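Q: Residue numbers (the working numbering), protein chains in the order written: chain A, 1 to 111; chain B, 112 to 225.
Hints listed in this document are in silico derivations from the structure and should not be mistaken for laboratory results. Incorrect hints may appear among the rest.
[Said to hold, decoys possible] Quick list of in silico lysine-lysine cross-link-like pairs, DSS-like style, CA-CA up to 30 Å:
#, chain 1, residue 1, chain 2, residue 2
1, A, K52, A, K98
2, B, K128, A, K56
3, A, K49, B, K149
4, A, K60, B, K149
5, A, K56, B, K155
6, A, K68, B, K128
7, A, K98, B, K149
8, B, K155, A, K77
9, A, K110, B, K149
10, B, K163, A, K77
11, B, K163, B, K128
12, B, K163, A, K49
13, A, K52, A, K110
14, B, K155, A, K49
15, A, K56, A, K77
16, B, K155, A, K60
All values reported here derive from a predicted model rather than from experimental measurement.
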Amino acid sequence: GNSVTQMEGPVTLSEEAFLTINCTYTATGYPSLFWYVQYPGEGLQLLLKATKADDKGSNKGFEATYRKETTSFHLEKGSVQVSDSAVYFCALRNQGGKLIFGQGTELSVKP
Amino acid sequence: DAMVIQNPRYQVTQFGKPVTLSCSQTLNHNVMYWYQQKSSQAPKLLFHYYDKDFNNEADTPDNFQSRRPNTSFCFLDIRSPGLGDAAMYLCATSRDGGEKNIQYFGAGTRLSVL
Chain A
1 GNSVTQMEGP VTLSEEAFLT INCTYTATGY PSLFWYVQYP GEGLQLLLKA TKADDKGSNK
61 GFEATYRKET TSFHLEKGSV QVSDSAVYFC ALRNQGGKLI FGQGTELSVK P
Chain B
112 DAMVIQNPRY QVTQFGKPVT LSCSQTLNHN VMYWYQQKSS QAPKLLFHYY DKDFNNEADT
172 PDNFQSRRPN TSFCFLDIRS PGLGDAAMYL CATSRDGGEK NIQYFGAGTR LSVL
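This is chain B alone, in the form it adopts within the complex (with noise of 0.2 Å):
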């Protein structure tokens, strides 16, 4: 029973040509995370949804936006594809944000960039 479902399991673009990645998740979790994986790297978080508010990491591209239209969906856009983005996106959600919340995964999205 798949409870965060990310499409497609594996994505190539073109260089420059802009790319959505989707999660959805049967939980009815708050809390919707996107993270980028490199090869042989640990997971980096790009940002949050809490709810409806957008949390972006500092150091977060602006190449890279997010939308939540519902509770169950988020996506994330890659504006202008470079080929120091292909990488696994992992989507994420838990509970709340407390320390005591579990962060369940889905399979990833493997992009890559031609």
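So that you can see chain A by itself, here it is in the shape it has in the complex (with noise of 0.2 Å):
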């Protein structure tokens, strides 16, 4: 079955440092990639996408690329701010348009 798999968090960071979270995904065919985040108390803002292998989504400094080979849709963004704190969500839709979400992974900014 369709499933995503996200890296636990939380993860803690200072301003400006580097961010990777992880996200593999098992999936029949070739579904659409998605980042979603959550703000405290609010609902879920699209943060990129990607439909085919080897799409780079991006926004708001944050990348990840759809790679098939490793079935694997990282995020990464260069330079964090103390505004990035959120929950972050990985996210696939399958051939039946469902969306499949990881567990989260909660990330804190310190100044």
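The task is to assemble the complex, starting from two chains supplied on their own in separate frames and drawing on the hints.
A: So this is what it looks like as structure tokens:
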């Protein structure tokens, strides 16, 4: 079946540090891949997406590349800010159109 | 410009007292979804509407119902809330159900059950 696995949190970084949140997936076919961000007390916001192999999604300094050979979609940012503190969800959308989420990774950025 | 609007943001109800959460959208999307998200967990799909067609997830309790009177509005009804139903409820929409379509989420309604 389809599934998404993220690195466990919480992840605590200092401001301007480099961020990587690992995400791997299991799926039949070639699903679209997404990163959503959830700020405290809020709903989910789409951060970036990629719809086919080798696509790179990017937004607000965050990037993720769809790697078919390693079934991965790791999220990276070169220099995090305090305002990036949130929970990040990796997700795939399967052929039936359903979103399958990872368990979420909490990021805390300290000044 | 809010596109998926959930009201209220916070809802308190009593054990066993029916409660309705609402969602509206300005995107004219065909599909509307309801998710339940408990603390520190991923959102869990309860059901969705594709136009007027209702699609229930196999493990959604009968206590949860939904109505979609028109394209713009969708309601989540909890007939007899239990303490275990306290959660954030998220509404989402997408243009259609295809695998490449993005789901847009509302800000959520946090439900407390006393």
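Q: For a C-alpha distance cap of 30 Å, please report whether K163/B and K77/A respect it.
A: It is violated: about 41 Å lies between the C-alpha atoms, which goes past 30 Å.
Q: Does the structure keep K52/A and K98/A at a Cα separation of 30 Å or less?
A: Holds. K52/A to K98/A sits at ~17 Å (cutoff 30 Å).
Q: Has the given pair, K155/B with K49/A, been kept, meaning a C-alpha gap of at most 30 Å?
A: Holds: K155/B and K49/A sit about 20 Å apart, inside 30 Å.
Q: K98/A and K149/B were given as a pair; does the straight-line alpha-carbon distance stay at or below 30 Å?
A: holds, 19 Å
Q: Going straight from one Cα to the other, do K155/B and K60/A come out at no more than 30 Å?
A: holds, 27 Å
Q: Going straight from one Cα to the other, do K56/A and K155/B come out at no more than 30 Å?
A: holds, 27 Å
Q: Starting from K68/A, check that the Cα of K128/B is at most 30 Å away, please.
A: violated, 49 Å
Q: Hinted pair, alpha-carbon criterion (30 Å max): K163/B, K128/B. Please report holds or violated.
A: holds, 27 Å
Q: Next pair to validate is K60/A with K149/B; report whether the Cα-Cα distance is within 30 Å.
A: Between K60/A and K149/B the Cα gap is close to 28 Å, so the pair holds against 30 Å.
Q: Check whether the Cα positions of K128/B and K56/A lie no farther apart than 30 Å.
A: With a Cα-Cα distance of about 48 Å, the restraint between K128/B and K56/A is violated, given a limit of 30 Å.
Q: What's the verdict on K163/B and K49/A, does the C-alpha distance respect the 30 Å limit or exceed it?
A: Measuring from Cα to Cα gives roughly 28 Å; hence the hint holds.
Q: Given the hint that K155/B pairs with K77/A, test it: the Cα-Cα distance must not exceed 30 Å.
A: OK: K155/B and K77/A at ~28 Å, within 30 Å.
The structure is inconsistent with the numbered hints 2, 6, 10, 13, although it conforms to all the rest.
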